[in-house]
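Visitor: One letter stands for each residue in the lines below.
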Amino acid sequence: MGLFLILPKDRQPSRLHIGVTLAGLSLIALLIAMLRRAAGPVMPQYPWFILISAAAVASAVMMICQKRILYAALCFVLTNLSVAALLLLQQARFLAIALVIVYAGAILVIYVFVLMCVRQEPPAEHDRAAREPFFAVLVGFALLGAILQLAMTPLPQSYTDETKSELIESGTAQAIAQELFNHHIAAFEIAGVILLIAAVGAIAIMRAPRIPEEKTKRIT
Amino acid sequence: MVDYTYYILIGVILFVLGLVGFVSRRNLVMIFLCTELMLQGVILNLVGFNRYWLLAKGADANLAGQSFAIFLMVIAAAEAALAMALVLVLQRQRDTLDPDEFATMKG
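If you're matching them up, the sequences are chains D and H in order.
So that you can map any letter, position 117 of the first sequence is 116 in numbering that gives the first Met the number 0, and since no number is skipped, the others follow by simple counting.
So that you can map any letter, position 13 of the second sequence is 12 in numbering that gives the first Met the number 0, and since no number is skipped, the others follow by simple counting.
Treat the hints with care, as some may be off.
[Claimed, not checked] Straight-line C-alpha distance at most 25 Å; calculated SDA-like pairs for lysine to any residue:
(1) H:Lys56 - D:His182
(2) D:Lys66 - D:Val76
(3) H:Lys56 - D:Phe180
(4) D:Lys66 - H:Gln90
(5) H:Lys56 - D:Lys66
(6) D:Lys66 - H:Gln92
(7) H:Lys56 - D:Gln177
(8) D:Lys66 - H:Leu89
(9) D:Lys66 - H:Phe21
(10) D:Lys66 - H:Asp94
(11) H:Lys56 - D:Val108
(12) H:Lys56 - D:Ile184
(13) D:Lys66 - H:Ile30
(14) D:Lys66 - H:Val88
(15) H:Lys56 - D:Val76
(16) D:Lys66 - H:Asn61
(17) D:Lys66 - H:Phe31
(18) D:Lys66 - H:Asp97
(19) D:Lys66 - H:Ala80
(20) D:Lys66 - D:Val117
(21) D:Lys66 - H:Leu71
(22) H:Lys56 - D:Ala174
(23) H:Lys56 - D:Leu179
(24) D:Lys66 - H:Thr95
[Stated by the list, open to error] Just the calculated beta-carbon pair ranges, DEER-fashion:
(25) D:Gly200 - H:Gln92: 15 to 21 Å
(26) H:Gln92 - D:Ile189: 30 to 36 Å
(27) D:Ile109 - H:Lys56: 22 to 28 Å
(28) D:Ala185 - H:Leu85: 27 to 33 Å
(29) H:Asp94 - D:Arg67: 17 to 23 Å
(30) H:Asp94 - D:Ala185: 41 to 47 Å
(31) D:Met115 - H:Ala55: 45 to 51 Å
Source of the hints: derived by calculation from the structure; they are not laboratory data.
If you're wondering where the values come from, they're calculated on a predicted model, not measured in any experiment.
Yeah, the Cβ is synthetic: ideal placement off N, Cα and C, and Gly gets one too.
This is chain H alone, in the form it adopts within the complex (with noise of 0.2 Å):
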């Protein structure tokens, strides 16, 4: 039916659409954001090749793609949450969301 190469096809568009939000983006909540994108794709191609390897190995595979897809959740809400702290105290001290704004060590 739908093989499992498809599930891959969409987990990397979903990663690359992210990588090109991260990169052409001026703000920097939205930033964050496309992170949290390429996130979303990592986690339907780890979830993609557990499937696989659940049908190809049958008894004696294990569910580690899974497992590592919750610990990935949970590094994901961390790092959202300090992200948005950041985000607030930065907003507080310049009054701006551009990320230019913030680079003043730049050579």
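Isolated chain D, as found in the complex (with noise of 0.2 Å):
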């Protein structure tokens, strides 16, 4: 594990061609480090999972590291394709699909609405230079070990077939109904009032009173 902190990850938007290729270096090894690791039979899968996770934070790290926010959130997009196809691979059918509709088919939508609505012309000098870029890594460098340190414990084999029966079955929408209704149904009724008074709030945000003396402030 230790070979994954050694890894060099440098973020900032406003020297990219460093970043990109040490971000690249650092996910090519990532994966050599995966593949060696790798114990027991190689199931058909593996190859994908190899795919679709580099895909998942390849797109990350080029949403965090963009200049111009629309790209980011277009990068997002990708990388909830990705984690959803992850699920997939999971067996968690349901989700997956739900993930893609709610998630990058409402959420992000909102999120490109409101980009197209405030968007800056020229990059924004807040834009182009990340506040603290090394800190920030060094941070997030030293959660990452101490996360991996207590998550990486290597399972026995009967627990990685992704074909049982009892997994398959898990996936569709009547055993996450079955699940919901049975055993959450407090919660979910609380999630559909929050949702109702988010969707008030956002209203109640909009036509709030403005400061008068603001006005003159605004482009028209």
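Two chains, each in its own frame: build the complex with the hints.
Guide: As structure tokens, this is what we get:
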């Protein structure tokens, strides 16, 4: 695991070429480390997992390194689709489709819409250089090492079979609906109320009366 | 085939990348986007752990991880709607998306 911690990463939106090559090298090293550590028989789904997880991590790196936010939102759509594909690999089919429909289809559409509304033609001054990128990456690495220390304990081989029947029949909408309505019905109703409150709150925020002297600062 | 720890690894990597972006970008909408990236990592973690539970316990395992992931998506949608409303109002007032401009309460 120490191998992961030594990998160099550079995150500065104003110096993109160095960052991209370093991040690409670190991603390749990560994949090679994972391939070497793979024990036991390699089932046909393994290269898919490598490919899709590489796409997810690469698009996440691209997303936080973009200069223009609209491109970052589009990279985030790619990340969403990769995460949905990873969920599909784990036989969580309903959740994968729900992720695409709700997250990539509704939440990111809201983001793109607002980004179109607040677009600033030259990339603004505060966008050009990240704030304290070195310390940010350092803290990120420390957190990554701490979490991975606890989380990476290898399991016996019988826990890695993707074609077990319990796993396959657990990913359907029927199974999740049974779980939700039998055990979490109160939380389900409260989630509906939260959505209602959020919609009312968003409208209330937009309609709040503005301070009169700020009106002259608006661009007409 | 694929150990569940590898799914956890990818989830943790996504979460940490979102955290790094959250801390170091200086645009309000970008900060909210990195929050959503962190939530993606958490969803992946939840479903990964749930898969381990299903494979280990067999018949007497529940789908708590996946239902919690659904609730997470609901909360993310509510938060995104409110965050975007806030961003629009703030943009109209100060005409900038720099979070440092709104730090009037800093001591």
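Visitor: Now, for every hint given, state plainly whether the structure supports it.
Guide: Comparing the hints with the structure gives:
| no. | hint | verdict |
| --- | --- | --- |
| 1 | H:Lys56 - D:His182 | 18 Å, holds |
| 2 | D:Lys66 - D:Val76 | 17 Å, holds |
| 3 | H:Lys56 - D:Phe180 | 21 Å, holds |
| 4 | D:Lys66 - H:Gln90 | 19 Å, holds |
| 5 | H:Lys56 - D:Lys66 | 47 Å, violated |
| 6 | D:Lys66 - H:Gln92 | 24 Å, holds |
| 7 | H:Lys56 - D:Gln177 | 18 Å, holds |
| 8 | D:Lys66 - H:Leu89 | 21 Å, holds |
| 9 | D:Lys66 - H:Phe21 | 14 Å, holds |
| 10 | D:Lys66 - H:Asp94 | 19 Å, holds |
| 11 | H:Lys56 - D:Val108 | 39 Å, violated |
| 12 | H:Lys56 - D:Ile184 | 24 Å, holds |
| 13 | D:Lys66 - H:Ile30 | 13 Å, holds |
| 14 | D:Lys66 - H:Val88 | 23 Å, holds |
| 15 | H:Lys56 - D:Val76 | 34 Å, violated |
| 16 | D:Lys66 - H:Asn61 | 43 Å, violated |
| 17 | D:Lys66 - H:Phe31 | 16 Å, holds |
| 18 | D:Lys66 - H:Asp97 | 14 Å, holds |
| 19 | D:Lys66 - H:Ala80 | 24 Å, holds |
| 20 | D:Lys66 - D:Val117 | 15 Å, holds |
| 21 | D:Lys66 - H:Leu71 | 29 Å, violated |
| 22 | H:Lys56 - D:Ala174 | 16 Å, holds |
| 23 | H:Lys56 - D:Leu179 | 19 Å, holds |
| 24 | D:Lys66 - H:Thr95 | 16 Å, holds |
| 25 | D:Gly200 - H:Gln92: 15 to 21 Å | 18 Å, holds |
| 26 | H:Gln92 - D:Ile189: 30 to 36 Å | 33 Å, holds |
| 27 | D:Ile109 - H:Lys56: 22 to 28 Å | 38 Å, violated |
| 28 | D:Ala185 - H:Leu85: 27 to 33 Å | 29 Å, holds |
| 29 | H:Asp94 - D:Arg67: 17 to 23 Å | 18 Å, holds |
| 30 | H:Asp94 - D:Ala185: 41 to 47 Å | 44 Å, holds |
| 31 | D:Met115 - H:Ala55: 45 to 51 Å | 47 Å, holds |
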